[in-house]
Amino acid sequence: MRRTITLQLLVIFFLIISCADRHPEAQEKGVSHPKAIDIQGGDQPKLSPVGGETGNYVAGEILVKFRNGTSGQIKTAIKKEVHLETIRLFSKPNLYLMRILDGSSVENAMERLGKFKEVEYAEPNYIRTIH
Amino acid sequence: MKRLAIFVAVISCFLAVPVGVSGQNGHSKRSRAREATYVPGELLVKYKPAVRAAAAGYFRSRLGIYTIKNFRKIGVQHVKLPKNMSVEEALEVYRSDPDVEYVEPNYYRYATAIPNDSFFSNLWGLNSVGDTDIDAPEAWDITQGNSNVVVAVIDSGVDYDHPDLAANIWANSDEQVGDANSDGFPGVQGVDDDGDGLIDEDSQYRQPGDPGYINDLADDDDENGYVDDIRGWDFVDEDNDPIDSDDHGTHVAGTAAAVGNNNIGITGVSWTAKIMPLRFLNAYGSGSVADGINAIDYAIDKGANIINASYGSYTFSAAERDAISRARNAGILFVAAAGNDSWNNDSATKHYPSSYDLNNIIAVAATDQNDSRAFFSNYGATSVDVAAPGANIFSSRPGRQTVWSDNFDDGDIATDWATGGTNNFWDVTTEYGRSGSYSLTDYPNNNYLDGTDSWAQTQVIDLSSHVGSKLTFWLRGGLQSNDYFFVQGSSDGNIWTNLTLEISGSLSIFWTGSTSSFVKATADLGSYDGINTFYLRFNFHSDSDANVAEGWFFDDVEVSAAASTYLNPQDQYYQYFNGTSMATPHVSGLAALLLADDPDLSATQVKERILNGVEVKSGLAGMILTGGRINAYNSIRSVPAPPSSLSAAATSSSRINLTWSDSSYGEDGFKIERKTGAGGIYSQIAVTPANTTSYADTGLDELTTYHYQVSAYVGINSSDFSASTSATTSEKSGGGGGGGGCFIVTAGFGSHFNCSAHFIGEHQSAKIVSRWMPYPFLGLDYIALHTTVAQRICFGLAFIAIPCFITFRRRCRS
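Protein chains in written order, with my numbering: chain A, 1 to 131; chain B, 1 to 814.
Bound conformation, chain A alone (with noise of 0.2 Å):
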């Protein structure tokens, strides 16, 4: 019992790793990225979330945005298609925050739905922080 749920734990943190390695913004050339900058000035840790840096979005969901006029059967279809489950609609813009099924990556899953003209867009449920 204890074996399965550290196995569980590690596939948990094998998925972590994967997403952080593909992260879109990590494979752009010759951007600068802002450093965080400390503004009260103490020491950095060097404490590190396992597998590098976390994700800047959550891992699992992705925000899809069909056209307008795309009729449920067809979100329905999309949906089993790719993979996903609604785990909230926004009720004006067509907009809709799905959970990724088959535990492919955001990116993946992203590039799955780009291929239906039906969708306007999907990208990942990004994280923002307070400043």
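Since the hints were made in silico from the structure, they are not lab data.
Facing chain A, from chain B, some residues (calculated, C-beta under 10 Å):
1) G249
2) D297
3) A337
4) T512
5) V519
To give an idea of the chain A side of the interface with chain B (calculated C-beta under 8 Å), a few residues:
6) L47
7) N56
8) R88
9) E123
10) I130
Sample of chain A residues lacking proximity to chain B, with all beta carbon distances greater than 10 Å (derived):
11) S71
12) Q73
13) I78
14) K79
15) K80
16) E81
17) I100
18) D102
19) G103
20) S104
21) S105
22) E107
23) R112
24) G114
25) E118
All values derive from a computational prediction rather than experimental measurement. C-beta: ideal position from N, C-alpha, C; glycine also.
Keeping the supplied structure of chain A fixed, place chain B upon it in accordance with the hints.
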């Protein structure tokens, strides 16, 4: 105006008076001139006691000046001038009269609205000695806010019971806890209460009769999809309690709209605007775009006027941009922090939402007390609009209470913790302690073993009466790679959920690495609010290789929640923060003031007012769009900032060059006014285009002092005037003027006015005129001499002239 001034003096009172060449009038400098400084057509005059009775009649008959009121005890008369006489002209007349002790304009005194809040002096961003503030008290003279204006604070929640915020928390008048009309359906059964085209829809937008309709929103009286949302919503925990378990949103809300003039704490930029608390950032200030979008749509739906967005990151989201675009269509201003990474948002990597190209967004950088860009503040000549105070900002702090804690200094683990797992050696230790001697560790006084999978869990913790629950603890120590640590929570002690920890700005569930000092870790426990059997568990895992280390040490573990009461002293409910997050609500609060003053302004008009009112600062120019720090007083009057550093230099007998600093943004140009002599009247002589900083005034008379003031204008609105300055043209011919020591000497005897001496206060162009004395030496004209020489002449004149009068006529120019 051509006037003669005759100066007579008694011989025994002779004197020589140097008349300065520059003619700068010290008292005319006003660093913060108002539109009108005194009541037009009125003066306050004090005559010398002997002539007090006669003087009023004399001035009335001779100049048409009437006494409005006589302050008998102090001998001061409040007088009304005839229509054709300016205050400055009258001042000159009175000041040349020896019977007048003093005379002054009837100055306006403004009831500058300094609120009585006890920590008001801490709020340098609103009012400060150094004047690097936004001129809030001056703006409050015009409006202090309006409770019809709603600022949605999309943030980490708001401590809505805070004594300095509670009265300004928005209330959803269309919602009650429970089903207000008890009809068993959202809103009124059969009615589209929220106007979205759906009737009595459930949480999945299904209407009665649709397949799968579950009527799960029966208590949603306003039918907006959020049940019992009486004061906003918590999009993190999906409930109606937007309490702040971080401290960010409470701070931000206080700066925008803490209750003003209530004797306690602070005041917001607006004293009375309503704060709509929308929580989408968790206990460590992190949230998802999806939740942020929901919050924006909630604000739109519930009629917010302004959204304060003190958050962001460096990822473009089309969905988020669409949501802000919907806010724009609803007329909502979106005020967004530019970010704290000292980063140029014009570069390839941009900060969002502040950098979206939407005209209802105001992107805000931070200034410090020197009006420089705060060192941490992002910038961008096109992507950041304005700056506002953001360093050392004092504002409200949530009330918190400790629900459960352990600092391990009882030296005992068994009372509070249960341990277990493979290679379990968890215990307290004195190896390290952040507070006191003890901490908790996975294996005291030893390196951990390979293949460890052990845990320590708390006894039951009761969160049944708490909201805003949060875990904090401190850790130090070292782990080898592939060995890691994590924390779990449980509502029954059986099923455990991994908690995301924030440590030094990074988020993760699993942590490795080392630190030689204690660092803080935070987890959000909001999903356990209301649970009476909460458990917490520290887990440690090492891999099977032989690389091991000392492990980690934990101290000062605390589960806290929102306070239920606020204790004295109340200063514990306030604190200082730095950030563009703190600058942003200064702008939101100003927007709330603008809408209080004029509710008909559109979001883009409010934005224009804010941008056009900034004071351009050298430390910001070129770094952000306007190059300026906001100024509430300018924006609320819809005027640009006045030019600064006006100076005048005479370059010849007929030309004076003016230069000034352009301190305004978006001005149409500058208006230049001039008057001749200190007693003249200003009139406009030129208008220069936008961004000009100099003007050459030519065709002037020689040996004449000209005074100047300059204002910036936008359309029909002109700024306050710059501080005035003056210069004196040189003499036309080449000779005489050198050094400029010009003296007027007067001498006389038996003046029927009085035994006194007058000097010509203006400049060199004095002419000695002999009335009774035919001697040729009195025909001197344009005397230009050094002081000592002049005094000798004066003395000589005095000696010779007895008992003759010598008078001087001043040659005046219009």
